[in-house]
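Residue numbers (the numbering used here), protein chains in the order written: chain R, 26 to 280; chain C, 26 to 280; chain V, 668 to 974; chain L, 378 to 643; chain W, 378 to 643.
Bear in mind the hints are in silico, worked out from the structure with no lab data behind them.
Glycine included, each C-beta is placed from N, C-alpha and C at the ideal position.
There's no promise every hint is true.
Cross-link-like lysine-lysine pairs, in silico, PhoX-like; alpha carbons within 20 Å at most [claimed, not checked]: (1) C:K190 - L:K468; (2) V:K955 - V:K751; (3) L:K489 - C:K188.
Over the 10 Å line for every Cβ pair with chain C, so calculated as not near, a few chain R residues [stated by the list, open to error]: (4) W50; (5) L85; (6) K132; (7) F224; (8) A247; (9) S255.
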Amino acid sequence: MTKLGAFSRQYWPTVVLFAFLLASWQTAVTFGNIREYLLPAPLSVWNALWHGDTAWAGHLWTTTLEIIGAFLMAAVVGVALGVAIAWSPVLANALVPFLVFVNTLPKVAIAPLFLIWMGYGIFPNMLMGALIGFFPVVINTAVGLSQVEPDMLDLGRVFNAPKWKIFVKIRIPNALPYILSALKITATAAVVGAIVGEFVASQRGLGYVIVTTQSSMNTSVAFAALVWISVVGLLLYGAVVLLAHLWAPWAEGVD
Amino acid sequence: MTKLGAFSRQYWPTVVLFAFLLASWQTAVTFGNIREYLLPAPLSVWNALWHGDTAWAGHLWTTTLEIIGAFLMAAVVGVALGVAIAWSPVLANALVPFLVFVNTLPKVAIAPLFLIWMGYGIFPNMLMGALIGFFPVVINTAVGLSQVEPDMLDLGRVFNAPKWKIFVKIRIPNALPYILSALKITATAAVVGAIVGEFVASQRGLGYVIVTTQSSMNTSVAFAALVWISVVGLLLYGAVVLLAHLWAPWAEGVD
Amino acid sequence: QEKFTFALNWFAVGDHAAYWVALDKGYYKAKGLDVTLENSKGSGDSIAKVDTGRADAGLADAAVVIASVGRGTTVKTVGMVFDKTPLNIFSLKEKPLSKPKDLEGKTLAAPPGDSQRQMFPAFAKVNGIDPSKVSWVNIEPAAKIAAVAEKRVDGVGDYSTGLPLYEKAAGKGNVVMMPWADFGFDMYSMSIIASAKTMKDRPKALKDFLEASYMGWRDVMADPKAAMEILKKRVPEVDVEVMTPNMLIGLGLMRTDRYAKNGIGWIDEKKMCDSVDLVNAYMGLPKKVECKDVYSTEFFTKVAMPN
Amino acid sequence: MNKGLIDLHEVGMTYQAASGPVEALAGISASIGAGEFVSLVGPSGCGKSTLLRIVAGLRPATRGTITVAGRTVTQPIPDIGMVFQAPILLKWRSILENVLLPAELAGKDPAKLRPRAEQLLEMAGLAGFGPKLPRELSGGMQQRAALCRALLLDPPLLLMDEPFGALDAMTRDDMALELLRIWGEKDLAREARKTVLFVTHSIPEAVFLSDRVIVMSARPGRIAADLRIDLPRPRTVELRATEAFGRLNLELFRALTGKTGGGTTL
Amino acid sequence: MNKGLIDLHEVGMTYQAASGPVEALAGISASIGAGEFVSLVGPSGCGKSTLLRIVAGLRPATRGTITVAGRTVTQPIPDIGMVFQAPILLKWRSILENVLLPAELAGKDPAKLRPRAEQLLEMAGLAGFGPKLPRELSGGMQQRAALCRALLLDPPLLLMDEPFGALDAMTRDDMALELLRIWGEKDLAREARKTVLFVTHSIPEAVFLSDRVIVMSARPGRIAADLRIDLPRPRTVELRATEAFGRLNLELFRALTGKTGGGTTL
Ligand SMILES: Nc1ncnc2c1ncn2[C@@H]1O[C@H](COP(=O)(O)OP(=O)(O)OP(=O)(O)O)[C@@H](O)[C@H]1O
Ligand SMILES: Nc1ncnc2c1ncn2[C@@H]1O[C@H](COP(=O)(O)OP(=O)(O)OP(=O)(O)O)[C@@H](O)[C@H]1O
Ligand SMILES: Cc1ncc(C[n+]2csc(CCO)c2C)c(N)n1
Ligand SMILES: [Mg+2]
Ligand SMILES: [Mg+2]
């Protein structure tokens, strides 16, 4: 009860903002000149969410798996690349322009090509999500690792710690606020990435629902899918915030 | 001459890596069984870059404008939102879920809406780029602003500085490494964003070239456009690195 | 049971009902085929899948198929879907584009891959208008309908089968069509393609697949309502309200004398070669495409059109 | 009620740490008059820094009341200069810019205060180091820069947490004399002196500088003694050789250590 | 050539700062024998911390050569304990984990060294503070934790930069005696003592602890005096009341200040 109380006290601004947006949206659609097919009213979306004939559970499951997979891959690969870049200037000079190059490639443009190579299904979509989401982790990790006080490094060197141990015991914990910040960013990017993968070719998933219903102008269902996507995104984001809280309470920041 | 020497010494790993990748790519296409329309050989792309009948200058100009506009908007709006979030817990609780929501929306999915509201042209594409690129700035700014040593805040409070002055003189400079890290990320996101904007609706620009040529399977020209995009992306990224170097030399990190 | 993957050209629409019907009714199974229907993002995507062996056969627009052959694919059209062209331009009643002359000075939108876009110079030539007086905007396929309904552009190029979608957005009776078939432009469009590998190694399977698919079409023609029910059952995301008329317009493009005489899916050599000529003339391919390289009637089996 | 500039009434402080509460201060009552120079000595961890922060209004006490100039302290009090135990220089600002920070924060024109800042730096032996970055200074130099910063706006109340802790004996001497001058020893008649609350670990330093020395006991901090230093002013270096100075040193040593014998500490 | 454990030959250091070079050390030559306890005193900013870092191999000198145990120093030397001028505790680790850090960094099992770490904390008056985070400790407590960390692996060479700077007189006394015990004063016969290079600002502390006190002149640092402290060992608190102790104090004071008169400093 008190937890709920605290929660509601903390999140009433969100609730108020969302309620306000929803109300203005409904009003605009009802009284304004906005066509349902373009921007369905919140009530239609609500109906599509609960009373439509879309089997949400299965799509939700598929997409959630893809998103989690994409997020984990982006996190692991991103941290590894960030460490590599901070590790050695030679690696940095070789990798950074290459990674910038990869990251500026519009994934939507190369997605069809990518999927021809990778095939279709859950795993390629995870990969696509990871590809879209890994870059912030790389950069923030590399920057965070380099933002350590010289004194702390001296501390490690005084004890003749090998370079990798200084990374593990000093640089990486020191970079955690950066890494966790990047994970928050990547949590949302992984969501977009998985959906983009599904846009190209898929037989299920929320992205599939969007394309399918959008191509029959069934916009309210497409919006309902967007709602689910955001729910997954918010939950993943919340999980990262929670993780940050448990893992690095000393680096507490804004959620 | 010495500058050039230093530059070449610094970037030979990049050059080696790129040369290696290009060589293996050319070999794979020449001797492997890879179709030109799927993955054109580097030489074909080179030809498309210099000898094709695409009027690159105009497209490049349009897209570069869009990218720079997108980047600047993302930077300004992102920092402003990040400050707002770090400023007040109420604002944070209201804004963060909303921003996460906006950021998890697959931009391609809302293309029709976007087109209707914004129309097509350079400015909407900038907006799309900003929309895709602003989030890392928000999060990194907010996290960076909150990562200030309590002692430094006490310093500000001892001198009875108003809250905004503590932000301007202490929190923001302290968050600069975070903000600059985010700007590096956003530099690449703005590139993707502008191109995605062009995918949604456009009459010129490199993204326009990509869709146009890709759909007639003229892949080498599409790849040539990707090359230009990366060049712009690398230059923008380099500009941010340079800016960081000049602006916050004390926060020097890895580029 | 032999595995057989068929790459559709898009996510489920009414045009795809026949394949779901054939699947649902066991026509493929009866021929020993275990068929998978796969979604794709447009003709280019489905062609790439077929050409690279990710799929054994697929659906694609003829113009894109011909262009792809010019750029090195080895796919061929092995069966026709729409005998009459669905190429068309949509506009709103308040600012109608009902004849080619109306197009001059206007702004049209379409994804660059659309056949309407690619073939527009040919269409313009046939009708004696100046294609340079029409300006085109690239848009996402998903944004087409909104673009015209909300008057961001004067018209969009899209298959005539899309009419119900446009009417849903703009209101019944508010949408004006300009079917190219009515203005002296005739060219093949939606077709079934197969890869060289499928044609060479699995001719029997391909032939069986085509026959079963045409049986699917036959059933759709005979009982559209039942067909739509099957589609809805198989793909719950489709909106029956708009996909039924969408499918019916498609059927209209297939109920031709040619199909009545030769059977569903028949490819007419002259029309096919004319289509190739148009593509050669207007799409700026690196090499000229030979008509014989783009199609084959070898795998055709006559399935009679119902009355 | 007391009538000092700073009045502490049963001030207590218990920190709530994750690993359990820590009682730092247990009922401190004291009154410090305007213009007084009061030193605070006590064992490491007894709550001196905590007390300074509470007086400054940076942390709320968990018990008791604090009034400064008659007003109850609930937020940072205005017009003070504070030297923290660590230098806390902003690493992105040059030393001069760091010293000028209070002007900027208080909305004063830093350009106008620049001569004063440079003069303070010179006084602290940092002439020429104005354009350097904090990390280019030694520990003691950083501490002196922090001192200059606290003095920039010439505040009437100074709270100083071991400002000379990182200084060698000689520099310490010089700085102590400068501090007395700044405090207003020359103005004894005019009552225009500043009020100083000064934390130190050096007994002779406390005796030399102060009007009063408050001795705190080990954690949780209580007031163990409150010693009036009745040495004549202005204080001079020669004073340190006098018997009275030695006697007060010894007295303070006893109050601090609880030992009754004589002796010196390091 | 000298035959000390640490040999410095014309060691010079010039920092290259953005705002121009700073000469920190100008030709330091000295030799420190194994088992010697040597203090380094000198005015703030004279290069003491710089010299310690150079000996530790953390910074290369810009001139001269340094050998430790016969090997030229070009990188951090092994088996030393170092106390920096600032505590430099890792804020994400508890105090105990901070003290155990050297074990982890050196690839030793921290679990095995835990009893020793707890014993060191107790010795430093930090019993019960093991699970706390650094920011929950006072300045002096943090400094003591840093001292425990330096002692954890029982290194034969200790480099200490004002390790007692933030401590009150009494705690300082206790820690000084503990340090002498750890140094190996009891093992005078067995020659099993550690070698200590100890920076301090306290003249009595330097005299009390050391075999030798090296006095440095103001920046750029040179050796101004090298004073042998021939007081008997083991040193006791009583020793500080002797005339010999007072004389050495005075001598050191004169070497440091260049003044010929007597007097004390703060
Ligand atoms: N990283 C650095 N960059 C530039 N100059 C430096 C740097 N570190 C120290 N210096 C300069 O070198 C000189 C000696 O500094 P050092 O820290 O060795 O002094 P110190 O004797 O330890 O002083 P203190 O007693 O105040 O700690 C100082 O003038 C300082 O300005
Ligand atoms: N932020 C904090 N959270 C929890 N406990 C704290 C905090 N700050 C101080 N303490 C505790 O309060 C007590 C007093 O700390 P304080 O810093 O006031 O001591 P001090 O007298 O200044 O010591 P020193 O002379 O070592 O600087 C200590 O036991 C310390 O552990
Ligand atoms: C929103 C929307 N986008 C695309 C299509 C399908 N479509 C229209 S034209 C074309 C040509 C491809 O060969 C395809 C696949 C649709 N029905 N609805
Ligand atoms: Mg303190
Ligand atoms: Mg020092």
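Checklist entry - Is it the case that L85 (chain R) keeps its Cβ farther than 10 Å from each residue Cβ in chain C? => result holds (14 Å)
Item to check | Restraint status (C-alpha distance of K190 (chain C) to K468 (chain L) at most 20 Å) | outcome: The given pair, whose Cα atoms are some 17 Å apart, holds under the 20 Å limit.
Next on the checklist: Can you confirm whether the C-alpha distance between K489 (chain L) and K188 (chain C) stays at or below 20 Å?
Outcome noted: violated (24 Å)
Checklist entry - When you look at the beta carbon of W50 (chain R), is every beta carbon of chain C farther off than 10 Å? => result holds (12 Å)
Next on the checklist: If we take the beta carbon of A247 (chain R), is the closest beta carbon in chain C still more than 10 Å away?
Outcome noted: Answer for A247 (chain R): violated, closest chain C Cβ roughly 7 Å.
Checklist entry - Once the closest CB in chain C is found, is it more than 10 Å from S255 (chain R)? => result violated (5 Å)
Next on the checklist: Need the status of pair K955 (chain V), K751 (chain V): alpha-carbon distance at most 20 Å?
Outcome noted: Since the Cα atoms of K955 (chain V) and K751 (chain V) sit roughly 25 Å apart, the hinted pair is violated (cutoff 20 Å).
Checklist entry - Is it the case that K132 (chain R) keeps its Cβ farther than 10 Å from each residue Cβ in chain C? => result violated (7 Å)
Checklist entry - Is it correct that the beta-carbon of F224 (chain R) has no partner in chain C closer than or equal to 10 Å? => result violated (6 Å)
The structure shown violates the earlier hints numbered 2, 3, 6, 7, 8 and 9.
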